[in-house]
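Novice: One letter stands for each residue in the lines below.
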Amino acid sequence: MTSKTSKSTTLNRRSLIAGGAALAAAPFSFHTARAQEATIKIGFPVPLTGPYGAEAQDQVRAAEVAIAEFNAGGGLGGRKAELLVRDDKLNPGEAATRALELIENDKANFIVGSLSAAVQLAINNVTKQRGVIFNSISQSDAINEVADFSKYTFHEALTPHMTAGAVGRYAFSKFGKKVAFLTADYAYGHEMVRGFQEAGKGMGVEVLGDIRHPIGATDFSTLLPRLQSMKPDILVINNFGRDQQIALKQATDFGLKKTTKIVVPIMLFTGRQAAGLAAFDGVIGGTSYYWGVEDQLPSAKSFNDQFRKMHGGRVPSDYGAMGYAGVRTVLQAVKNAGTAETDKVITALEALKYDYYKGPQYFRKCDHQSVQSVMIIECKTKDMRNEADVFQVVASEAPNEANLRSCEALGHKA
Amino acid sequence: MATDLAFEANRQPSPMLEWATRHRVALASLFLLVFPLVMPFKALAVMILIYGLYALGFNLLFGYLGLLSFGHSALFGAGAYLCGIAIVHFGWPWYLAIGLGLVAGMVVALVIGALAIRTRGIYFAMVTMALSQCVYYLFYQAVDLTGGENGLRGVNLKFVNIFGFQVDFLDPLSRYYIICSFVIAALWVLSRILASPFGAVIEAVRENEARARASGYDVMLVRLLTFVLSGAFCGLAGALLALHLSTVPIETMHYETSGLAVMMCLLGGMGTFFGPFIGAAVFLLLENLVSVWTSHWQLFVGLAFMVCVLFFPRGIWGTVMERMKA
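Top to bottom, those sequences are chains A and B.
Here the first sequence stands for residues 1 to 414, where the numbers follow my numbering.
Here the second sequence stands for residues 1 to 326, where the numbers follow my numbering.
In case anyone wonders, no lab produced these hints; they're calculated from the structure.
Mixed in with the good hints, there may be bad ones.
Unchecked claim - To be clear about the criterion: a stretch of chain B counts as covered by chain A if any three or more of its residues have a C-beta under 8 Å from a C-beta of chain A, and this derived list gives those stretches: (1) 38-44; (2) 71-80; (3) 91-105; (4) 246-259.
Unchecked claim - Below are the EDC-like pairs computed for lysine to aspartate or glutamate, each with C-alpha atoms no more than 20 Å apart in a straight line: (5) Lys-107/A to Asp-168/B; (6) Lys-174/A to Glu-69/A; (7) Lys-261/A to Asp-281/A; (8) Lys-365/A to Asp-305/A; (9) Lys-41/A to Asp-106/A; (10) Lys-261/A to Asp-210/A; (11) Lys-309/A to Glu-387/A; (12) Lys-158/B to Glu-104/A; (13) Lys-80/A to Glu-341/A; (14) Lys-107/A to Asp-171/B; (15) Lys-42/B to Glu-104/A; (16) Lys-41/A to Asp-343/A; (17) Lys-413/A to Glu-397/A; (18) Lys-174/A to Glu-206/A; (19) Lys-42/B to Asp-106/A.
By construction, the Cβ of each residue, glycine as well, lies at the ideal position given by its N, Cα and C atoms.
If we strip away everything but chain A, and leave its shape as in the complex, we get (with noise of 0.2 Å):
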């Protein structure tokens, strides 16, 4: 292949300039463009391209607010914070190269990210070899689990464990037992019905039916006339982002919800601005954060204010909040540390009781679970204050470790 160079001479201009400096002149440049060492670095893989776009960029907004924040608080005695945000395409393959990217070359101290359950655990099985935090801000089961944990692994986000069950226990008391499910079929949907039958357990929950559909489904119309025959008190639909949409349309235009309440594990605030109020009118939700808790929640105004004065007065989705709340319980770690070392970092998250923006919490000693409040949604349909006030929070479960799966059901010794 080096005859190439001998022979090119002989090749004209064009292909010269276009095939040779191209291939040449990327990686130089890519390396001029590197950072100075004293900072901390933190690395950021989100989707940006892909179904999930609109989500991992409030993500990267949530978390550029974290970091101005202690930028502005003057670091770590100086040291400044960066975040090195990396497009994971939804691919865990592509994350978990992104992943080794961020600790190989860029030296990053610690990874925060992520919006899928497989894309997390690529991810972490790449850092937690390399004893590199990582604080993921996405839902799973699994991540908490001893085959996949590790000292190094943190959970900031929900689980569907916690999330369907705090939803469960809220519906089931109130609309009704006869139970119907429609699930995604894969890992997040499965998830999310064992979470429902976990929680139904002790109230009588009577199970009418599952009805699988894969991924990325487009047309409900043959399932949804066998729910109805069903004829459950509660329809739970465990599906996301635009299946959840469809799914919650097509429901509304069979006229089921004259019938039947309908629940959704995590009713996106995203999915909701999307597809509008008819869709999602009378739907029960669970999240993990809306922003107009702020009337109730000093820390949640404080963190929507600072959000709006970086970013035009648009506020943070509920997935996007996480992302602040990621990367600032690593930075205030550090903090309190007084260092980047990781096993420092470690114990001082550990040890860290926070309120950032929806209340009090703390990462569980066993599997690093952040313990969380669930917030329960439903659509507003009047007094809204502005396009963004879309849900009121109906209720509100508390922490409780009791609600999260215990210690030894996981794996872990207790």
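Using the hints, position chain B against chain A.
Specialist: Quick look at chain B alone, frame taken from chain A:
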């Protein structure tokens, strides 16, 4: 290169090109040895190696035999999963696991090939794609072994033992060179296959099937053998991917991964010895570099592809080789 040379034998190729063709494996190896030093980061260099090898295996079938398969993700994925499963669930040593991945690629290729080689053209593409989807769902549903949607985690190698030496597999550069040695070995084997009489038969079948059959060659057997050999290269690439990422995502088996091989092959130059590597390098480099600068990277990568199609009709490497001969 071999094809092009045979094709234009009467045109008296330059002695330099002839020399380069004869030593193509050595030259390619030399290139791969210095390659990580000019790459923005080592993990990307390893990905280019692995996808280059995958596209190389695909090129054997597509470029040399002339069969367009849309099911190569099954061969690639089977290699990755079997290598990973051997390490995670059965604690096999890494070299045996790589061997198993390679064999897995061949076995899946044998099954898919046996069913698909009777068809040709668009039908061959459809049948291979359908069969690879069957393999995809098989691995997707076998959650206990493969992790299903969550992917297979824990393909963790801290050190590898090479002839008594402990080599740190977590170190990016040594990881690159360990994987590179497998790729170079594969390149050498491929070069031997192409230079052998069997290699000439592969190209004869592509050029004129009826004539090859009239000359006494069993065309079906040649096709099946080539498919299985292609499976060996793709299975090896898959196994190396599992070791590199330390996880096997289910996306490895997705049909988009099949499309990726077609893309890389066309971009680099089908039917050329080193083209698939160039294709993989350009594709992955563009994607990685541009997506750091802007979240609208797809726009720029798309434009770059259009430029390639317009100015490099035979693929980047294919066009360069053609110009050098002209």
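Novice: Against this structure, judge whether each hint is valid.
Specialist: Outcome of the hint check:
no.	hint	verdict
1	38-44	holds (count 7)
2	71-80	violated (count 0)
3	91-105	violated (count 0)
4	246-259	holds (count 6)
5	Lys-107/A to Asp-168/B	18 Å, holds
6	Lys-174/A to Glu-69/A	42 Å, violated
7	Lys-261/A to Asp-281/A	11 Å, holds
8	Lys-365/A to Asp-305/A	32 Å, violated
9	Lys-41/A to Asp-106/A	8 Å, holds
10	Lys-261/A to Asp-210/A	16 Å, holds
11	Lys-309/A to Glu-387/A	18 Å, holds
12	Lys-158/B to Glu-104/A	15 Å, holds
13	Lys-80/A to Glu-341/A	15 Å, holds
14	Lys-107/A to Asp-171/B	13 Å, holds
15	Lys-42/B to Glu-104/A	8 Å, holds
16	Lys-41/A to Asp-343/A	16 Å, holds
17	Lys-413/A to Glu-397/A	27 Å, violated
18	Lys-174/A to Glu-206/A	15 Å, holds
19	Lys-42/B to Asp-106/A	11 Å, holds
Hints 2, 3, 6, 8 and 17 from the list above are not met by this structure, while the remaining hints are.
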